[in-house]
Amino acid sequence: MTIDLAQFHQVFYEESFEGLDVMESALMELDPDNIDSETINAIFRAAHSIKGGSATFGFTSVSEFTHDLETILDQVRAGTRKFSGDDVNLCLKSVDCMREMLQLLQGGDDGHTPLSMELKHQFARMLSSDSDVTDSQECAPEQAPEQDPQGPTLWEIRFTPGSDILKTGNDVLRMLRDMGDLGELLSVSCTPNLPAFNAFDAESCYLSWRILLESDCEKSAIQEIFEWVIDESELGINETEGLSHWKILFKPGATILHTGNEPLRLFTSLAELGELTATAFVDKLPRLSLFDCENCFMSWELSLVSSSATKESIEAVFEWVVDDAELVIAQESNSKPKPVADRVTKDVLQEQKAPQAQTPPTNVAAASPPEIPQTKPQVAAESTASVPTAKPAESAPKAKPAPAKKSAETGSIRVGIDKVDNLINMVGELVITQSMLGQLGTDFDVNRLPKLLEGLSQLEQNTRELQESVMRIRMLPISFAFSRFPRMVRDLGQALGKDLQLEMLGEHTELDKTVMEKIGDPLVHLVRNAVDHGIEMPADRLAKGKPANGKITLNAYHQGGNVVIEISDDGKGLDREKIIEKAIEKNLVTPLECETFTDEQAYDLIFQPGFSTAQAVSDLSGRGVGMDVVKRNIQALNGIVEIRSTKDKGSTITIRLPLTLAILDGQLVRVGNNTYIFPLVSIIESLHCRREFINKVAGGCNVFKLRDDYVPIIELYKTFTVQPDAIDMDHSLIVVVDYEGGKVGVVVDELLAQQQVVIKSLEQNYRRVDGISGATILGDGTVALILDITGIVKLAGDKFVQTSARARMSQEGLQGLAQLAS
Amino acid sequence: MQANANADSAVVANVANAGDGISPDSHQTDQYLTFIMAGEEYGVDILCVQEIRGWESATPLPNAPAHIKGVINLRGTIVPIVDLRQCFGMEAIDYTPVTVVIVLKVKSESSEYRVMGIVVDAVSDVYSLGKKDMRPPPDLSNAVNTDFVKGLVNVEDKMVILLDIDELLTLEDVPNLANVAKQIQTSVG
Numbered sequence: 001m002t003i004d005l006a007q008f009h010q011v012f013y014e015e016s017f018e019g020l021d022v023m024e025s026a027l028m029e030l031d032p033d034n035i036d037s038e039t040i041n042a043i044f045r046a047a048h049s050i051k052g053g054s055a056t057f058g059f060t061s062v063s064e065f066t067h068d069l070e071t072i073l074d075q076v077r078a079g080t081r082k083f084s085g086d087d088v089n090l091c092l093k094s095v096d097c098m099r100e101m102l103q104l105l106q107g108g109d110d111g112h113t114p115l116s117m118e119l120k121h122q123f124a125r126m127l128s129s130d131s132d133v134t135d136s137q138e139c140a141p142e143q144a145p146e147q148d149p150q151g152p153t154l155w156e157i158r159f160t161p162g163s164d165i166l167k168t169g170n171d172v173l174r175m176l177r178d179m180g181d182l183g184e185l186l187s188v189s190c191t192p193n194l195p196a197f198n199a200f201d202a203e204s205c206y207l208s209w210r211i212l213l214e215s216d217c218e219k220s221a222i223q224e225i226f227e228w229v230i231d232e233s234e235l236g237i238n239e240t241e242g243l244s245h246w247k248i249l250f251k252p253g254a255t256i257l258h259t260g261n262e263p264l265r266l267f268t269s270l271a272e273l274g275e276l277t278a279t280a281f282v283d284k285l286p287r288l289s290l291f292d293c294e295n296c297f298m299s300w301e302l303s304l305v306s307s308s309a310t311k312e313s314i315e316a317v318f319e320w321v322v323d324d325a326e327l328v329i330a331q332e333s334n335s336k337p338k339p340v341a342d343r344v345t346k347d348v349l350q351e352q353k354a355p356q357a358q359t360p361p362t363n364v365a366a367a368s369p370p371e372i373p374q375t376k377p378q379v380a381a382e383s384t385a386s387v388p389t390a391k392p393a394e395s396a397p398k399a400k401p402a403p404a405k406k407s408a409e410t411g412s413i414r415v416g417i418d419k420v421d422n423l424i425n426m427v428g429e430l431v432i433t434q435s436m437l438g439q440l441g442t443d444f445d446v447n448r449l450p451k452l453l454e455g456l457s458q459l460e461q462n463t464r465e466l467q468e469s470v471m472r473i474r475m476l477p478i479s480f481a482f483s484r485f486p487r488m489v490r491d492l493g494q495a496l497g498k499d500l501q502l503e504m505l506g507e508h509t510e511l512d513k514t515v516m517e518k519i520g521d522p523l524v525h526l527v528r529n530a531v532d533h534g535i536e537m538p539a540d541r542l543a544k545g546k547p548a549n550g551k552i553t554l555n556a557y558h559q560g561g562n563v564v565i566e567i568s569d570d571g572k573g574l575d576r577e578k579i580i581e582k583a584i585e586k587n588l589v590t591p592l593e594c595e596t597f598t599d600e601q602a603y604d605l606i607f608q609p610g611f612s613t614a615q616a617v618s619d620l621s622g623r624g625v626g627m628d629v630v631k632r633n634i635q636a637l638n639g640i641v642e643i644r645s646t647k648d649k650g651s652t653i654t655i656r657l658p659l660t661l662a663i664l665d666g667q668l669v670r671v672g673n674n675t676y677i678f679p680l681v682s683i684i685e686s687l688h689c690r691r692e693f694i695n696k697v698a699g700g701c702n703v704f705k706l707r708d709d710y711v712p713i714i715e716l717y718k719t720f721t722v723q724p725d726a727i728d729m730d731h732s733l734i735v736v737v738d739y740e741g742g743k744v745g746v747v748v749d750e751l752l753a754q755q756q757v758v759i760k761s762l763e764q765n766y767r768r769v770d771g772i773s774g775a776t777i778l779g780d781g782t783v784a785l786i787l788d789i790t791g792i793v794k795l796a797g798d799k800f801v802q803t804s805a806r807a808r809m810s811q812e813g814l815q816g817l818a819q820l821a822s
Numbered sequence: 001m002q003a004n005a006n007a008d009s010a011v012v013a014n015v016a017n018a019g020d021g022i023s024p025d026s027h028q029t030d031q032y033l034t035f036i037m038a039g040e041e042y043g044v045d046i047l048c049v050q051e052i053r054g055w056e057s058a059t060p061l062p063n064a065p066a067h068i069k070g071v072i073n074l075r076g077t078i079v080p081i082v083d084l085r086q087c088f089g090m091e092a093i094d095y096t097p098v099t100v101v102i103v104l105k106v107k108s109e110s111s112e113y114r115v116m117g118i119v120v121d122a123v124s125d126v127y128s129l130g131k132k133d134m135r136p137p138p139d140l141s142n143a144v145n146t147d148f149v150k151g152l153v154n155v156e157d158k159m160v161i162l163l164d165i166d167e168l169l170t171l172e173d174v175p176n177l178a179n180v181a182k183q184i185q186t187s188v189g
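Sequence lines, in order, name chains Y and C.
Take 1 as the starting number for the first sequence in full-length UniProt numbering and just add one per residue.
Take 1 as the starting number for the second sequence in full-length UniProt numbering and just add one per residue.
Don't read these hints as lab results, they were simulated from the structure.
Any given hint could turn out to be false.
[To be verified] In silico DSS-like links for lysine-lysine, alpha-carbon gap of 25 Å or less:
{"no.": "1", "chain 1": "Y", "residue 1": "K647", "chain 2": "Y", "residue 2": "K582"}
{"no.": "2", "chain 1": "Y", "residue 1": "K544", "chain 2": "Y", "residue 2": "K419"}
{"no.": "3", "chain 1": "C", "residue 1": "K132", "chain 2": "Y", "residue 2": "K760"}
{"no.": "4", "chain 1": "C", "residue 1": "K107", "chain 2": "Y", "residue 2": "K760"}
If we strip away everything but chain C, and leave its shape as in the complex, we get:
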């Protein structure tokens, strides 16, 4: 019963047709889906995005770290759900029926794809970004792993943090990111 209700509330967006961002200036562009978390805009490669769903309760895994919310049944596949806020060490917020889960296909070591969901505050936009628009991530040399930050980009005077989802979610234990977001903030802004 519960599952049906959840399925109804699932927002399955056709991300490919979502709004255009800045127009592509060359063929060297990639499309990024951006989402909002704590007022900041993050982007992931749209080719990694399988679908966008509403939050549905997940089965918790025993002794899992707090950012692993559990696993859900995605049409027969067991998919783990990661709360990206908690993953980044931000304050956890309550989930509502409009909480968004972005289901990502992540490349894993064994060439097959892994499917994972990330919980974010809201989906924002789709941008086409040229490679040259991208700035390298700031050097956060103090032992913080920023491999998963692909780069920073300016869209209409907003900063968008592009994430390398393959790197981020295949890390054996998602690292303590408590400081990463803060450090990006401080070093950029």
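If we strip away everything but chain Y, and leave its shape as in the complex, we get:
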């Protein structure tokens, strides 16, 4: 009954990444001086489940790594270890490292990274440095083998599970396997405690185990294996000190059976001396034609764990056969450095410290214990920023498999149970409506028409609600994208020596999942920019009379049919002159063009490919990815980026994204023979156009007097060059829509129905069309275009934009202007 574990891998990865996020945010919250037990528990729990999961799936690289981290966390939790700010950094680094390891595993790699090796050494040193508290023998051999002269301990574990253990999904076999990972299982004996046959329940467990484990692990490590079943089981773990462990190699001569000696009987007597396990070898078997069934061709390797057996007593058992057989008896308990030696050499090799690698492992620590702690912190400290010379050679090939992770990515989504419950309720209602309509259909007469109409409207409502909640499944709060920033800003601040404060607002604003995934990288870039280029060094800030700590604000909110994300900093702002200078230098614009540039146009230059205002290429910028990529990515989502900036006050970058990609509520309008669709959310009101309320401002743009307000208007037929019903405005309608906080009136011929429309891309087969955000298919199969308000306003011309800015000015000023124009 093998189960393909691979089917659970994806879930494991998801849960682990989630766990890592939890660890990360909890670590950020953690105040080393005043450790909150709740927080540290949360970190520990997350680490523990990752460890458990990875061990289950056989990802030993991760489980071993996490184990060490967990040991440290456990000590912190228990209060036996002080936790400093550096330790928090180390833990954060480990979180990164685990994330990387998991990604490698996802890509089919073994998950070992250079960083993980290094961190493991740091853990080991931390654990061994205060061994008075921990007596962690597991890590000791790596750093201080002299503390471990006795070699591994022999543990005797008596385990009597409750009879219901199998029903709770716990598998003793797995526990044994886990124990096997800790050390060498010398003997596993199983005692049945079967009930009377008629009382036998096939689903209950009637067995108990006695296990002898030779391992250098701690008691807690063994206890942990039984953690989930401890409540319902009897468990005894004893250190069997003084027990000797004998390895006996017994190769009897072929004629041993002729002398009346039976190996089986010998083993029975051996078993009286202690716990015996035997392995038989049949490599001496001759060809069938030469086979003599009276001869013995087998040899055995026996392992005897006993408190009383001495070499003499064992020899006594073999007394009668010793002349006729080959017998090697060796005491094993003290001479078990093999796995330890392996590990040390392996790690040392990974470190590429050739001179040390050649010395025998026991000597490494014995001869140069002070050396190791000295070299390693350096390596670790440098690993993040600049890498020491020996490193690149090793890290470069390791880094390569990373892109493979893409192939393993399968899109999935974790949805809150309330959303799913909601859906199920709605489907239930839909089914009721459907059966009601079905019944109505079977025997229908005209008298029941009202009933039918009622049913249909109910159906319509059900469908609509269902669709809305299905759409909502794809929506996630933007905190998913924001969550990485506290960590990032903190790290960047430390790296740059800047004092930073991050404020996040509107984290509950929901955003489509696909949009969220694609907006992540641009956001990272923008925040990085704000920290790197925007915020000044503390000294400069103080000189300017600003507080030393710079503030970065991430804000998300809904506006019209858009989600708006703002990244603001209170840094030095964009330097208009420098941007223009640079743009001229790079031949992006001519000096003549620049003279008439508005600030907006000047700032827009930084979105040009190949543009960077950074004076020097730093670690954080100058990676070849510029603002042009940011802009392109956002535009690919049908979004818009804008910059506002004031010198020495800071800059704000605003990203506007469509709310969802698939469906929107639309208001159908007609202009001549064409049907267009306004996103319903952007419409404020619609009203009849009256000639007398329309004024021209400066001979160009028309403004419409809307109560106490003047609203610039756009004649869609002019903008789109289509034939309207009437040029005469008196017969037209004005749809007043929301435009970036202000209002714009759009002149149309007729308002048609309101309906939900499925957005289809024009770009897929054609290209982006100005003023159009997409197309949709109407009920009659024809195509209608969805209007993009911002695009239309842009199309209507720059002159308009200026006027609309003026239109937002105070009423008096505007009235005067309007009168002037008329």
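With chain Y fixed as given, assemble chain C onto it according to the hints.
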């Protein structure tokens, strides 16, 4: 309602079984669907042809060039329609119920296929043409882009202009082709 009528008038031809042209002389042949425009015969690789439909009114796109007739709904996909006559700078003619739209699958930069329709006067024939029958396009060196002319071929004493549809329709803005056809005419004929 209108859509249904249009669907009825759509001529969906099974182009693979359409008439044979000259017989293949070797295995090095490609099949080309030819169509008539202004009396000239043009050919496109039959593997690019998705289907042939009748003309149905398209939704015009604002501020689009004249040769872009708009977009239609092709079973849920928005498909732009290009008038190849206008694209080549020929005189536009009125569309009738028998006006033909050839729906082409065009390779685009991002390896996915784009679907486009071209409006032509009439569909003509399917020919199997060997690579060696093809003559390179005439050198129209005077700055006219002829990348989309794959070559010229003689079929039963007719000249067929083979078009490289991938090149032609993926050009960001379909170039001003007003002179291309004329120049092909003059330099060949």
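Status of each hint after checking the structure:
| no. | hint | verdict |
| --- | --- | --- |
| 1 | K647(Y) <-> K582(Y) | 18 Å, holds |
| 2 | K544(Y) <-> K419(Y) | 50 Å, violated |
| 3 | K132(C) <-> K760(Y) | 43 Å, violated |
| 4 | K107(C) <-> K760(Y) | 20 Å, holds |
When the structure is compared with the earlier hints, violations turn up for hints 2, 3 and for no others.
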